[in-house]
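Protein chains in written order, with my numbering: chain A, 1 to 181; chain B, 1 to 572; chain C, 1 to 57.
Derived by calculation from the structure, the hints in this document are not laboratory data. Treat the hints loosely; a few may be bogus.
Stated by the list, open to error - Partner residues aside, some chain B positions facing chain C, computed with beta carbon under 10 Å: (1) V34; (2) V113; (3) V193; (4) F194; (5) S198; (6) A228; (7) F268; (8) C272; (9) A277; (10) T289.
All values reported here derive from a predicted model rather than from experimental measurement. Note that beta-carbon positions come from the ideal geometry of N, C-alpha and C, so glycine has one too.
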Amino acid sequence: MNALTPPTGVWWKQPLDRVEGTWIVIAFAWCLIMFFMMPYWHVYGKQNLSNEAYRTTPEMFQAKTQAMVDKYKVREETDQKIPVVAPPAGSDVYLIARLWSWWPMVELEEGKTYRLHLASMDWLHGFSLQPENINIQVHPGYEHVMTVTPTRAGTYSIICNEYCGINHHTMASRMYVVKAK
Amino acid sequence: MAVNRMFRTCPSTGLVYHEPAEKLIRWNAVAAVVSLLVGGILALLVTLTRWPAVHLLPPDWFYLVLTAHGLDMLVFWIIFFEIAVLYFCSSVLLRCRLAMPGMAWLGFWLMIVGALVNNVAVFRGDSSVMFTSYAPMGAHPAFYLGLILFAVGALIACFVFFGTLVVAKAERTYNGSVPLVTFGAVTAAIIAVFTIASGAIILIPTFLWSIGLVDYIDSLMYRTVWWAFGHSSQQINVAAHVSVWYAIAAVVFGAKPMSEKVSRTAFFLYICFLQLASAHHLLADPGLTSNWKIFNTSYAMYLAVLASMVHGLTVPGAIEVAQREKGFNRGLFEWLRKAPWSNPSFSAMFMSLIGFGFLGGISGVMMGTEQLNLIIHNTIYVPGHFHATVVVGTTLAFMGLTYFLIPTLFRREMMFPGMAKWQPYVFGLGMMSFSLFMMGAGTLGVPRRHWDMTFAGNALGYEFPGTAYLMMGIMAISGLAAVVGGIMYLLITVGSVFLGKKIQTPDFARVAARDGVAPKPVPQPVAVSHAGIGTAGFVAPGTFVLALVFLTAFVLYYFVNWKYLSTVWPLS
Amino acid sequence: MNNASNESPLDVDDEPVPAMQQILDNPFLLLFIGIAMPTVLYIVWGVMEIVGIPVAK
Numbered sequence: 001m002n003a004l005t006p007p008t009g010v011w012w013k014q015p016l017d018r019v020e021g022t023w024i025v026i027a028f029a030w031c032l033i034m035f036f037m038m039p040y041w042h043v044y045g046k047q048n049l050s051n052e053a054y055r056t057t058p059e060m061f062q063a064k065t066q067a068m069v070d071k072y073k074v075r076e077e078t079d080q081k082i083p084v085v086a087p088p089a090g091s092d093v094y095l096i097a098r099l100w101s102w103w104p105m106v107e108l109e110e111g112k113t114y115r116l117h118l119a120s121m122d123w124l125h126g127f128s129l130q131p132e133n134i135n136i137q138v139h140p141g142y143e144h145v146m147t148v149t150p151t152r153a154g155t156y157s158i159i160c161n162e163y164c165g166i167n168h169h170t171m172a173s174r175m176y177v178v179k180a181k
Numbered sequence: 001m002a003v004n005r006m007f008r009t010c011p012s013t014g015l016v017y018h019e020p021a022e023k024l025i026r027w028n029a030v031a032a033v034v035s036l037l038v039g040g041i042l043a044l045l046v047t048l049t050r051w052p053a054v055h056l057l058p059p060d061w062f063y064l065v066l067t068a069h070g071l072d073m074l075v076f077w078i079i080f081f082e083i084a085v086l087y088f089c090s091s092v093l094l095r096c097r098l099a100m101p102g103m104a105w106l107g108f109w110l111m112i113v114g115a116l117v118n119n120v121a122v123f124r125g126d127s128s129v130m131f132t133s134y135a136p137m138g139a140h141p142a143f144y145l146g147l148i149l150f151a152v153g154a155l156i157a158c159f160v161f162f163g164t165l166v167v168a169k170a171e172r173t174y175n176g177s178v179p180l181v182t183f184g185a186v187t188a189a190i191i192a193v194f195t196i197a198s199g200a201i202i203l204i205p206t207f208l209w210s211i212g213l214v215d216y217i218d219s220l221m222y223r224t225v226w227w228a229f230g231h232s233s234q235q236i237n238v239a240a241h242v243s244v245w246y247a248i249a250a251v252v253f254g255a256k257p258m259s260e261k262v263s264r265t266a267f268f269l270y271i272c273f274l275q276l277a278s279a280h281h282l283l284a285d286p287g288l289t290s291n292w293k294i295f296n297t298s299y300a301m302y303l304a305v306l307a308s309m310v311h312g313l314t315v316p317g318a319i320e321v322a323q324r325e326k327g328f329n330r331g332l333f334e335w336l337r338k339a340p341w342s343n344p345s346f347s348a349m350f351m352s353l354i355g356f357g358f359l360g361g362i363s364g365v366m367m368g369t370e371q372l373n374l375i376i377h378n379t380i381y382v383p384g385h386f387h388a389t390v391v392v393g394t395t396l397a398f399m400g401l402t403y404f405l406i407p408t409l410f411r412r413e414m415m416f417p418g419m420a421k422w423q424p425y426v427f428g429l430g431m432m433s434f435s436l437f438m439m440g441a442g443t444l445g446v447p448r449r450h451w452d453m454t455f456a457g458n459a460l461g462y463e464f465p466g467t468a469y470l471m472m473g474i475m476a477i478s479g480l481a482a483v484v485g486g487i488m489y490l491l492i493t494v495g496s497v498f499l500g501k502k503i504q505t506p507d508f509a510r511v512a513a514r515d516g517v518a519p520k521p522v523p524q525p526v527a528v529s530h531a532g533i534g535t536a537g538f539v540a541p542g543t544f545v546l547a548l549v550f551l552t553a554f555v556l557y558y559f560v561n562w563k564y565l566s567t568v569w570p571l572s
Numbered sequence: 001m002n003n004a005s006n007e008s009p010l011d012v013d014d015e016p017v018p019a020m021q022q023i024l025d026n027p028f029l030l031l032f033i034g035i036a037m038p039t040v041l042y043i044v045w046g047v048m049e050i051v052g053i054p055v056a057k
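Could you put together the complete structure from these sequences and hints?
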């Protein structure tokens with residue numbers, strides 16, 4: 001009798017071998033530890049993806065973003081004159097993902113907390129902040145709101161890491177983090 | 001219609017083949033290998049493009065080829081082969097006629113037509129939407145139609161499998177319970193039915209949307225339901241290749257399962273919980289709560305991971321017991337040292353097990369941890385993980401099974417036996433290194449499905465560290481080694497099946513239903529005694545030590561990732 | 001009819017078959033469980049959460 005032949009009789013009552021029994025106990029304990037790590041981190045850890053999200057439309061999200069740009073624009077960059085906005089600490093920061101750019105660019109202060117809103121105007125995109133390596137899916141029709149606290153000053157890149165068509169690889173932008181004034 | 005009752009018995013293995021089943025298994029296996037050939041050529045092109053120093057294809061071709069590679073490998077190669085495995089595990093292992101061969105052929109041709117239609121849609125150039133085809137990015141209607149036809153064909157095949165189980169029971173071709181390998185196939189078939197149903201729920205509306213009959217497909221709804229299809233389709237593989245491990249252990253060593261109860265319960269945990277892991281893909285998405293994410297991503301408290309850890313112990317454990325009983329009982333690892341390392345079925349199976357556990361399994365749990373996913377989602381770490389599970393795990397196991405099937409199923413002598421000895425090592429080690437360096441590049445943020453990590457000519461591009469380029473280079477070179485291993489496999493299998501020397505065996509003969517009834521079983525002692533082998537009351541101490549090595553690696557790597565996560569920007 | 005004594009494949013043992021072994025020997029019950037569990041826990045729960053997402057102000 002082996003794994004290719006049918007077992008007969010009551011195999012359910014065959015006693016467990018010690019190797020198997022011991023391993024099952026160890027493995028199950030490890031599974032429980034891994035499971036409880038996730039709720040534990042929600043309570044004691046600092047890196048948790050927000051559950052706050054809303055249904056929205058491209059027009060609505062565009063309008064909110066435009067309002068922020070009008071209010072907090074500090075300069076423009078590159079040939080496309082992409083606005084750079086520097087909203088005050090604690091405020092709402094909107095970032096649009098669209099084929100194939102991020103709009104606008106944001107300048108945040110080190111150690112301050114912001115409410116970052118992400119949404120796409122068209123297809124799925126991937127918010128990938130480098131070199132921090134924070135990666136979040138960006139949907140059309142949904143506004144994802146999270147609080148974020150940049151911890152180190154510097155120039156960061158936002159690249160798209162969800163395939164979004166033929167120019168996907170050109171979709172990149174910057175995020176500036178400056179020392180607190 | 002008269003029922004075909006023509007059977008033959010393979011003289012060297014004792015396996016019983018039903019004529020239509022044998023033909024169907026052969027044709028499904030051949031269709032699988034053809035898909036592997038096409039997917040393999042595409043794999044080479046993808047690798048050479050993602051190698052920064054070569055950067056072979058232009059972007060439109062890269063995205064097209066990557067789409068086709070994903071579909072031909074993840075769907076067509078694997079599912080055709082799995083259908084062959086399902087028919088083998090039902091008809092052959094239960095010594096039973098295949099239920100409804102006509103339906104099985106209908107399913108087969110639907111799958112062929114579906115695969116062709118889908119491939120044509122992709123190669124036309126207007127359906128470069130990747131394997132995932134995330135709406136609202138749209139493909140040509142034929143793209144979805146091809147997948148739907150293929151899925152319907154595969155669903156029919158699953159029901160032929162279940163039908164065969166019913167026939168076997170009714171005609172009493174076996175006593176007691178189905179063999180463990182067949183039970184694993186039942187698990188795979190159940191997951192396949194759920195997979196295909198989910199695929200229908202999402203692909204049919206998407207098809208209607210592509211021809212203008214539906215206005216809008218919600219992207220979050222699409223991703224949620226699509227992954228019930230996309231991820232579960234890879235869980236079919238897990239159940240199937242674990243069954244293949246048990247089968248090869250039985251064929252090569254005559255290994256008995258350590259305990260039917262433990263192994264079957266582990267498969268039962270797969271049936272209940274494995275498919276919940278589709279949530280792995282949605283951990284970085286808005287709108288789904290952490291409750292849903294944590295419960296589903298952990299397969300309800302990691303019960304399916306527990307099952308995999310159990311299989312990972314019981315398969316080598318069964319081999320160890322069989323080897324020790326043959327006299328290789330010295331020390332911890334004599335049984336492993338004296339294993340038939342030049343038998344490609346065994347070496348493929350053993351590397352599949354190690355690679356699936358250490359590389360695929362551990363990395364899968366990392367990505368599937370709600371918070372850790374933030375530093376991994378959509379980086380090239382993800383394909384690194386699934387090349388370790390689906391290629392090292394499933395494909396390599398299927399390759400090992402092929403070496404066993406060539407003489408018994410195709411009745412041909414294996415060509416190039418010298419090359420076959422090396423094939424699993426070239427392919428397996430190449431692929432393991434490929435996966436490992438992909439994951440390494442992923443931890444540095446290199447995105448998946450991306451044509452140009454240099455962002456050439458882009459004023460806002462990101463400059464990846466030199467290490468990332470180094471890893472992508474080593475990844476590509478390893479990928480080339482794996483391609484060489486793939487070519488070796490294709491040469492051996494295609495050569496043997498079409499040109500190999502025929503093995504003369506008794507041909508098909510009619511077996512009446514009453515002659516096919518299994519003989520009354522002789523009572524067997526239920527408790528199997530393994531007196532005199534092993535150490536310290538453990539019958540398989542070597543395997544236990546290996547399992548503890550695995551657990552140590554797992555625990556360390558798990559907490560290293562949490563440590564790394566704790567250094568990134570606070571988010572809430 | 002030399003198979004008459006073969007009616008029950010399990011008659012080699014007089015022991016009753018434990019419930020769990022009977023469940024694992026029933027592929028259609030397993031099929032039901034294997035579809036119902038992920039459908040309810042993953043798809044239905046997930047879709048309900050998506051439908052319940054509030055509209056942005």
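Closest C-beta approach of A277(B) to chain C relative to 10 Å, hint status: A277(B) check passes; min Cβ-Cβ to chain C is 9 Å, inside 10 Å.
Given hint V113(B) near chain C, where the shortest CB pair must fall under 10 Å: Interface hint status for V113(B): violated (26 Å vs cutoff 10 Å).
Interface hint for A228(B), Cβ within 10 Å of any Cβ on chain C: holds, 6 Å
Interface hint for V193(B), Cβ within 10 Å of any Cβ on chain C: Cβ of V193(B) sits 6 Å from chain C, so the hint holds.
Closest C-beta approach of V34(B) to chain C relative to 10 Å, hint status: violated, 30 Å
Status of the C272(B) interface restraint (C-beta, 10 Å, chain C): holds, 5 Å
F194(B) as chain C interface residue, shortest Cβ-Cβ below 10 Å: OK, holds: F194(B) within 10 Å of chain C, min 5 Å.
Status of the hint placing F268(B) at chain C (closest C-beta pair under 10 Å): holds, 6 Å
Restraint satisfaction for S198(B) [CB to CB of chain C, less than 10 Å]: holds, 7 Å
Restraint check, 10 Å cut-off on beta carbons, for T289(B) near chain C: holds, 6 Å
The structure shown violates the earlier hints numbered 1, 2.
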